[in-house]
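Residue numbers (our numbering), protein chains in the order written: chain A, 1 to 339; chain B, 1 to 496.
Bear in mind the hints are in silico, worked out from the structure with no lab data behind them.
One or more of the hints may lead you astray.
As the list claims (entries may be wrong) - Heads up, incomplete: computed chain A residues facing chain B, CB under 8 Å, no partners named: (1) A23; (2) D26; (3) G41; (4) D49; (5) T81; (6) T85; (7) Q181; (8) E207.
As the list claims (entries may be wrong) - Cross-link-like lysine to any residue pairs, in silico, SDA-like; alpha carbons within 25 Å at most: (9) K84(A) - L436(B); (10) K33(A) - I351(B); (11) K84(A) - R29(B); (12) K113(A) - A241(B); (13) K405(B) - A241(B); (14) K84(A) - A241(B); (15) K113(A) - F343(B).
For every residue, glycine included, the Cβ atom is placed at its ideal position computed from N, Cα and C.
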Amino acid sequence: MKKTVFLGALTVAGLAAGASAAATLDDVKARGKLNCGVTTGLVGFAAPDANGNWEGFDVAVCRAVAAAVLGDANAVEFVPTTGKTRFTALASGEVDMLARNTTWTLSRDADLKFTFVGVNYYDGQGFMVHKDMGVSSAKELDGATVCIQTGTTTELNLADFFRANNISYEPVPIETNAEGQQQYLAGACDTYTTDASGLAATRATFEDPSAHVVLPEIISKEPLGPLVRHGDNEWGDIVRWTLNALISAEELGITSANIGELSAAAGDNPEINRILGTEGNLGEMLGLDAEWAKRAIMAGGNYGEVFAKNIGEDTPIALARGLNAQWQDGGLIYSPPFR
Amino acid sequence: MSDMSYVRSDMLPERTPPASSVGFVGWARANLFNGVVNSILTIVSLVLIFFVLAALLPWLFSPTWNSGSLNECREILNGHEGACWGVIHERWQQLLYGFYPNGSEAGTVDQRWRPNLAFLLLFVAVIPVLFNMISRRMNWVLLLVALSYGAYAVGGTLGMITVVVLLAAAVIVGYKAFSTDKAARAAEIEAGAKRLPNPLIFSAIFPFVVPFLLWGGSIWVFVGAALGFVLAGLAYRYLSAAVGSLAGMIISVLVAIVWWLFLIGPFASAMDAILPIALEQIESRKFGGFMLSITIGVVAIGISLPIGIVLALGRQSDLLIVKALSVGFIEFIRGVPLITLLFVASTLLNIFLPPGTNFDIILRVLIMVTLFASAYMAEVVRGGLAALPKGQYEAADALGLDYWKAQRLIIMPQALKISIPGIVSTFIGVFKDTVLVSIIGLLDPLGLSNAIRADQAWNGVVWELYGFIAFMFFVFCFSMSRYSMYLERRLRTGHK
Chain A
1 MKKTVFLGAL TVAGLAAGAS AAATLDDVKA RGKLNCGVTT GLVGFAAPDA NGNWEGFDVA
61 VCRAVAAAVL GDANAVEFVP TTGKTRFTAL ASGEVDMLAR NTTWTLSRDA DLKFTFVGVN
121 YYDGQGFMVH KDMGVSSAKE LDGATVCIQT GTTTELNLAD FFRANNISYE PVPIETNAEG
181 QQQYLAGACD TYTTDASGLA ATRATFEDPS AHVVLPEIIS KEPLGPLVRH GDNEWGDIVR
241 WTLNALISAE ELGITSANIG ELSAAAGDNP EINRILGTEG NLGEMLGLDA EWAKRAIMAG
301 GNYGEVFAKN IGEDTPIALA RGLNAQWQDG GLIYSPPFR
Chain B
1 MSDMSYVRSD MLPERTPPAS SVGFVGWARA NLFNGVVNSI LTIVSLVLIF FVLAALLPWL
61 FSPTWNSGSL NECREILNGH EGACWGVIHE RWQQLLYGFY PNGSEAGTVD QRWRPNLAFL
121 LLFVAVIPVL FNMISRRMNW VLLLVALSYG AYAVGGTLGM ITVVVLLAAA VIVGYKAFST
181 DKAARAAEIE AGAKRLPNPL IFSAIFPFVV PFLLWGGSIW VFVGAALGFV LAGLAYRYLS
241 AAVGSLAGMI ISVLVAIVWW LFLIGPFASA MDAILPIALE QIESRKFGGF MLSITIGVVA
301 IGISLPIGIV LALGRQSDLL IVKALSVGFI EFIRGVPLIT LLFVASTLLN IFLPPGTNFD
361 IILRVLIMVT LFASAYMAEV VRGGLAALPK GQYEAADALG LDYWKAQRLI IMPQALKISI
421 PGIVSTFIGV FKDTVLVSII GLLDPLGLSN AIRADQAWNG VVWELYGFIA FMFFVFCFSM
481 SRYSMYLERR LRTGHK
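If we strip away everything but chain B, and leave its shape as in the complex, we get:
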């Protein structure tokens, strides 16, 4: 009786799945030919893709890289359809750097290492802010390598010695970073080994380094500008204990403003007399191409986020005047098209300012684009603030935190996390909006494409230029979008 059974008592061995449901065949069956309708759609799509590529690829891969004019392209192509890439070959540097001195004019030297270095330093400065995956020491290696590029570009015996020294330092730090793993390093630090300074120090001085590199002039003006912040910080630190937090803040802001408006000039000229360090001055007029777009984009992006946060907080504030000012600003700027603000910057200000005032056109544009981006950013951040449950605010109050501490430790980390997609899409929007400056006569990539077509050799070239510009913009915007997805994954700590 006990050996009688209706069910199997031992497991069957696993069998391999049928050939039609694994590998490529299985994938195709599941995804492409899953039913009659889907099979038809797949075939139609494949045919469509084939025709698009068959038309596009021969045009894209056309042997015209070295041609010197549109007519030469036509001779090379001999009646076939094809792109005329000679225009990109001849003008890609102009599309990247605009009119930044390239040493072609007699008596000038190639200055394009300065935007290059600024671009490299941009990465060094943002990596510690944006990523937490590379170590402190690797950041310093990156900085040393970037600086050695700068020294190399400056040239001369001193420059070459500096290059060697910097690279040697980079190699030593890099070697040590690779040769000790995390645990060993932690033990070293425990035992009292000195850590390298936090790379965020460089991120903090970066906003003063870049204008010095791009515009040049005396370094002391930029040092002085940075000193204004230091002075304000010191004033706040020592005065807030004596006169209270709010009065201390107001006084420290006043100190900084007085310093910037009245004392920075004498300071810079005095320091110049003692130790003149300067780069050749480059006028804003020389900025153009992608360099101009990136400059405007990075400045607007970098400044609009803090201003936007302050405006969003102001809009939620209980203080009547602060709230009214914030709402008024946001609604006014959001109610006006960017192009109107740019026309105000380029033409109206010219008329209102006293004649002879030398208010730099790119500075005017920077201010307008930043204000515009800030208003949008404020609303995005406000969305994040509104999405936080009221309990979070109450919990912060219950812990006895003051307003700024509550914002910094409890509210903002959560609100900003929620608003990441909105913030990044505002960034992308601002970066793309920079092409509007071509309408007020600044030669950004789109403006340059018109100027290049005005050369008789390239008159009539349209798709190649627009294609190149679109490709470059795609690279930047797509990277920003991927970064935002990375950041969301990294910060996904709960709420699953």
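This is chain A alone, in the form it adopts within the complex:
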């Protein structure tokens, strides 16, 4: 009975929706909400709090885009996606963008027909071991049992690494990160391998974190970034330059504390002026208003502030900036110029 209720309502909704297959930007504006695909939960990157509000490093990208496009950082509908459903959700238009620790690879770009608009976190696969094992390098792990999530790229990276170094290992397949933690703590495996950020988050939850070390080798490149569908380059530009605005803001010293002052009137630095819309018409070129970047930065602060708040050294996860430092500080985070 209930089905028919909805089929009736659905037909109406379907007819209404069928007419509007225009540009993503127009869809988002008409809807008044940004549909943003996130994980169903990953420490530091995306998680709902007790009131159901999503928080995290990936979530901040969604909020910045919503603030830039719609003027409201809370106008986001977070759509939790699993590793299996994320790409169909994006391809079918269920979500407008995906900010879900997704590794940028050639096949995802070309074969699945997505556009990665940039990298918001450079990750890589690492190993965690018990300190009393006395291992200081992953190359000493000959014959070790390894807890490894099945069906992921980490599994393939692991096989490549051990083969390249001509050492052997015994895999212990696990399904989720929670299972991996339990197995590792119970001693079912000598070492646990996953992305280094995940290892740090896991280690932080242990009763005695100092009894465990993350080995220095990083055996894979995992550039994680937001992505959109092929075919709507204007929308891709908006997401790309929103991310770049956060990155440039850190480089140029625009913070959520001083942004009010800097955007009140045009200052000495022309690039700051262009970003904040007090000079030039960059916003107009993107199809947005002049203050788009100002709102994006005010949503959660610049890239450095977002990093510090969610996964930085003052949080329990305590990730160092490392590769994710600005390019002047020896990292890889680099934004093309706003001009």
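Since chain A is already given, all that's left is putting chain B on it; use the hints.
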């Protein structure tokens, strides 16, 4: 000679049994220490139970209810083993309601009274169907109390007045129900006193009330959906006399379909213009936790039984096409795992439907789970049909009943009675299968447990969350199982 006897002529008085065979000692001797082997087994079991409880109870009763994170729990426990109940304290509402608006976001109001009211009304609606032990008037008292909760939650002066009125009505009806016994009431009715309407009326409109409460929007869409059934019923009633029963049925189904597909929209918008009654619309995305499980479970359970009965009858039918369709459907659905159907719902349909189609994900899941449950239900009901002796079918024919009357009066009551254990275990299975939706990214209790662990404060909490979820599921499934035993006792009318 006559006073000589070898046997006692008067009865001895009864003596109390020896102390070792009555009371607790007697019970223990009979049940626990009945022989050497049994005594040893009893002692071994007691030791085992002691060790399990000694390990479990201190863990269960741990003073961590108010802690704010896993590390705080560890400080409180100070090295001792113990559960970290703070996570349940902080997140139990999320586990129950998912992301249903709770008023924490600026500019929103707490809407959780709506699922609460729907849950209360569920009981009011199913009690007259499932039990025959409470009177018609008590049912109306329950309904009035449930509705006054709704009015209270809506608030405002009008709401408060409604609460008072409803509660007063409930008190009056309740008082009258208690103050007159059955015989007196029967006499009153005999004398012409008016009876209250049958509470089954509410059970019939309940399926339209609940989606309105949960999803919100204009009430007229749901009224319109209900009207479709009314129209079909009227069409059948007046047309079947003119054009025959089968043609009448086909036409009435067509009438309903045309109404639902084309006329319901204009009807709803026209009525909205006249009298707008609406609740704030809540998207399916906001559903989560046990609310999602119960919604999927109740819908699948409620719809799969009628569909299952029809399919079972179809499978036994002599009409070739009906039979082929039923067999094909049942065998196909039963041959496919539920998780495959869920992936079809979540990903394949997305690709096949035209872009921009807004086909609600929870609706898709509801349809798939219902179809899945129906196929299993059909086979359970078919088992009941097969168990009936052929004489029952022949007797129904001999009485001159037509097919539907024979089914309704003779066959189904017996067949369903036989299949109660199977039906209820299918229900329980469906309810538990709802957790599979976590695999396609819906945040049911299991999906939420993962999301909660993604909060740095609770990363690493495992047993407490799973324990809580298991306990909640146990409560629901155990009640269903007890109900089926009650129903079997109630319907045990013969075959002893």
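Okay, the hints, checked on the actual structure:
1. Checking A23(A) against chain B: minimum C-beta separation of about 12 Å lies over 8 Å; hint violated.
2. Hint status for D26(A): violated, given a least beta-carbon distance of 12 Å to chain B, over 8 Å.
3. The beta carbon of G41(A) is positioned within 8 Å of a beta carbon in chain B (closest approach about 3 Å), and the interface hint is therefore held.
4. Taken as an interface hint, D49(A) checks out: its beta carbon lies about 7 Å from the nearest beta carbon of chain B, inside 8 Å.
5. At a threshold of 8 Å, the smallest CB-CB gap from T81(A) to chain B is about 5 Å, leaving the interface hint in force.
6. Taken as an interface hint, T85(A) checks out: its beta carbon lies about 5 Å from the nearest beta carbon of chain B, inside 8 Å.
7. Hint status for Q181(A): holds, given a least beta-carbon distance of 6 Å to chain B, under 8 Å.
8. Of the supplied interface hints, the one on E207(A) holds, with its beta-carbon coming within about 6 Å of a beta-carbon of chain B, less than 8 Å.
9. Note on K84(A) and L436(B): the hinted pairing holds, with a Cα-Cα distance of about 14 Å set against a maximum of 25 Å.
10. Of the pairs offered as hints, the one joining K33(A) and I351(B) holds, with about 23 Å between alpha carbons and a cut-off of 25 Å not exceeded.
11. For the hint pairing K84(A) with R29(B), the CA-to-CA distance comes to about 60 Å; that exceeds 25 Å, so the pair is violated.
12. With a C-alpha separation of about 61 Å, the suggested pairing of K113(A) with A241(B) is violated against the 25 Å cut-off.
13. As the CA atoms of K405(B) and A241(B) are separated by approximately 17 Å, the hinted pair is consistent with the 25 Å bound.
14. Distance restraint check for K84(A) and A241(B): the Cα-Cα separation of roughly 55 Å exceeds the 25 Å cut-off, and the hinted pair is therefore not satisfied.
15. Distance hint between K113(A) and F343(B) is fulfilled; the C-alpha atoms sit about 21 Å from each other, no more than 25 Å.
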